[in-house]
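There are 4 protein chains.
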Amino acid sequence: MKEIVYFVPPPGAPAPLEKSVFRTVRFNEVDPMGILWHGHYVGYFEDARVALGDSLGIGYTDFFNRGITLPVRQMSVDYLAPLTFGRTYEIKARLFYCDAVRMNYDFTIYDDKHKICTRGMSVQLLVDQNKNLLLERPDFYEKLVQNWKEGKIK
Amino acid sequence: MKEIVYFVPPPGAPAPLEKSVFRTVRFNEVDPMGILWHGHYVGYFEDARVALGDSLGIGYTDFFNRGITLPVRQMSVDYLAPLTFGRTYEIKARLFYCDAVRMNYDFTIYDDKHKICTRGMSVQLLVDQNKNLLLERPDFYEKLVQNWKEGKIK
Amino acid sequence: MKEIVYFVPPPGAPAPLEKSVFRTVRFNEVDPMGILWHGHYVGYFEDARVALGDSLGIGYTDFFNRGITLPVRQMSVDYLAPLTFGRTYEIKARLFYCDAVRMNYDFTIYDDKHKICTRGMSVQLLVDQNKNLLLERPDFYEKLVQNWKEGKIK
Amino acid sequence: MKEIVYFVPPPGAPAPLEKSVFRTVRFNEVDPMGILWHGHYVGYFEDARVALGDSLGIGYTDFFNRGITLPVRQMSVDYLAPLTFGRTYEIKARLFYCDAVRMNYDFTIYDDKHKICTRGMSVQLLVDQNKNLLLERPDFYEKLVQNWKEGKIK
Chain Z
1 MKEIVYFVPP
11 PGAPAPLEKS
21 VFRTVRFNEV
31 DPMGILWHGH
41 YVGYFEDARV
51 ALGDSLGIGY
61 TDFFNRGITL
71 PVRQMSVDYL
81 APLTFGRTYE
91 IKARLFYCDA
101 VRMNYDFTIY
111 DDKHKICTRG
121 MSVQLLVDQN
131 KNLLLERPDF
141 YEKLVQNWKE
151 GKIK
Chain L
1 MKEIVYFVPP
11 PGAPAPLEKS
21 VFRTVRFNEV
31 DPMGILWHGH
41 YVGYFEDARV
51 ALGDSLGIGY
61 TDFFNRGITL
71 PVRQMSVDYL
81 APLTFGRTYE
91 IKARLFYCDA
101 VRMNYDFTIY
111 DDKHKICTRG
121 MSVQLLVDQN
131 KNLLLERPDF
141 YEKLVQNWKE
151 GKIK
Chain X
1 MKEIVYFVPP
11 PGAPAPLEKS
21 VFRTVRFNEV
31 DPMGILWHGH
41 YVGYFEDARV
51 ALGDSLGIGY
61 TDFFNRGITL
71 PVRQMSVDYL
81 APLTFGRTYE
91 IKARLFYCDA
101 VRMNYDFTIY
111 DDKHKICTRG
121 MSVQLLVDQN
131 KNLLLERPDF
141 YEKLVQNWKE
151 GKIK
Chain B
1 MKEIVYFVPP
11 PGAPAPLEKS
21 VFRTVRFNEV
31 DPMGILWHGH
41 YVGYFEDARV
51 ALGDSLGIGY
61 TDFFNRGITL
71 PVRQMSVDYL
81 APLTFGRTYE
91 IKARLFYCDA
101 VRMNYDFTIY
111 DDKHKICTRG
121 MSVQLLVDQN
131 KNLLLERPDF
141 YEKLVQNWKE
151 GKIK
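Chains as they are written, first to last, in our numbering: chain Z, 1 to 154; chain L, 1 to 154; chain X, 1 to 154; chain B, 1 to 154.
Hints were generated in silico from the structure; no laboratory data involved. Among these hints, one or two may not hold up.
Heads up, the list lumps identical chains together, so a pair's fine if it works in one copy or across two of them.
List of simulated lysine-lysine pairs, DSS-like, C-alpha gap at most 27 Å [claimed, not checked]: (1) K115 - K143; (2) K2 - K143; (3) K149 - K113; (4) K131 - K115; (5) K19 - K131; (6) K131 - K2; (7) K154 - K131; (8) K152 - K115; (9) K113 - K131; (10) K154 - K113.
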């Protein structure tokens, strides 16, 4: 299977930052075919994105406390193999560096044999309390980006 | 704003078939920002897709009764303006003709001033009871496609 | 079947106010048994409660604009017959008069033959911005209650 | 606060069996007030019920493989304190012994200071493939009940 590429970082960009969470498919999440309903994947991705953001100090709350929200502008999912009731999956989020003021995440869901079941991505913008797009990164996030570029975060 | 194009039908293809449903944003669907959580759009799209499929006699049940399921292979959402609690939106689904055995739908969500708030798409495959991909359309669906090509369905 | 009674209004209380909404069971709401997952009923009840509240001018927004929220204190569901995919059900909410400052609703879900499939109830408290319980009804709601008692609302 | 009692086991009944799970409130689960929407508690309870059932060998799958389903007949929730975004809660399920062929669970949600935030209960019936109520426990479950009565399970 050909690898699915959602983001092509600019030359010299630091490697993506990543984090995984594990989640077991719930009874109320499967459809009459016994597989995870395709809409629930969004929440699975969000779990991993939240975990990665929080671990880096750039979670929802970190932005929200500074009056910034992170509306999702784009989302995409490639369903490669179904997830089934009662099984536990690894959901890995990766944050890609980009020059623009946005958060580019991609996602990979693995089964317990590390087979890729799902790929996906999301793009978030940064918006202030007056609903204006931020054109520069807020300080605390800029600082993280600098450390990231200098190889101090992995 | 530039129009978002998800599917380019082959030359001579009949125009997409379409249907709209209306849905009011529920209290339990909005996030702490007071706007529809981005994962719920999938269900909004599905409402319109189900309505269009049923109206054409190619709904889930029509396939299911013949031992065929329609797993979603790909989905994409472009969030252009937020949907807010208590307001009612039109969700329009369009089924695009394609030569391959798959269902290509796109979606547009309009507010009550007919402004486009969301665009999106889904691609579904056809799978038999042994989980094999169908390489030809089942008869009842092929018949619809022929009528569609001959301009008998709009 | 014996009727289920959740609230016994005080002597002389006006008859409950009521309103129905209709809702079709969605694909993503049914469990592997093909029936509505038992947790989704809460949203069905809320649809009817919101519709009744809005029609009376005592909806979420009416309270919220006055700094009042309506946390649910208690909820109960009696599942009598399953709801199935693709079928449309009537959900009727009734608001019961009570002397205390709370909202007592009960709910009945009917199938298309008017058979009772579900019964349920919810109790909501009124809370101000400092998270204190209201011990008196706010004016706009008190006014409605007076009209209700005088038989001016039905 | 007075303790809420949902089930009164018959004299000589063995003590309830119990198990806890932990769950963190997700962004998409909180309402505009920033607290867990009251309908989502049902899924929280189910997580604990599933964990307890699986740990005892009487989970959904154990019954399902023998052609038995467990429709919920009744559910009740008492909301005592709100659950908030990002915080982790303990959800404890307890299975109560009863002579009838049904599953009586109660639930308690604790915050990280072990304060009780929520109480609730569910009653499930046992139904065979012809949708008939079981009037006797199936062997594998009866065996567990005997061991439970004899104090071999805790």
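Query raised in the report: If you check each hint against the structure, which ones fail?
Result: 1, 2, 3, 5, 7, 8
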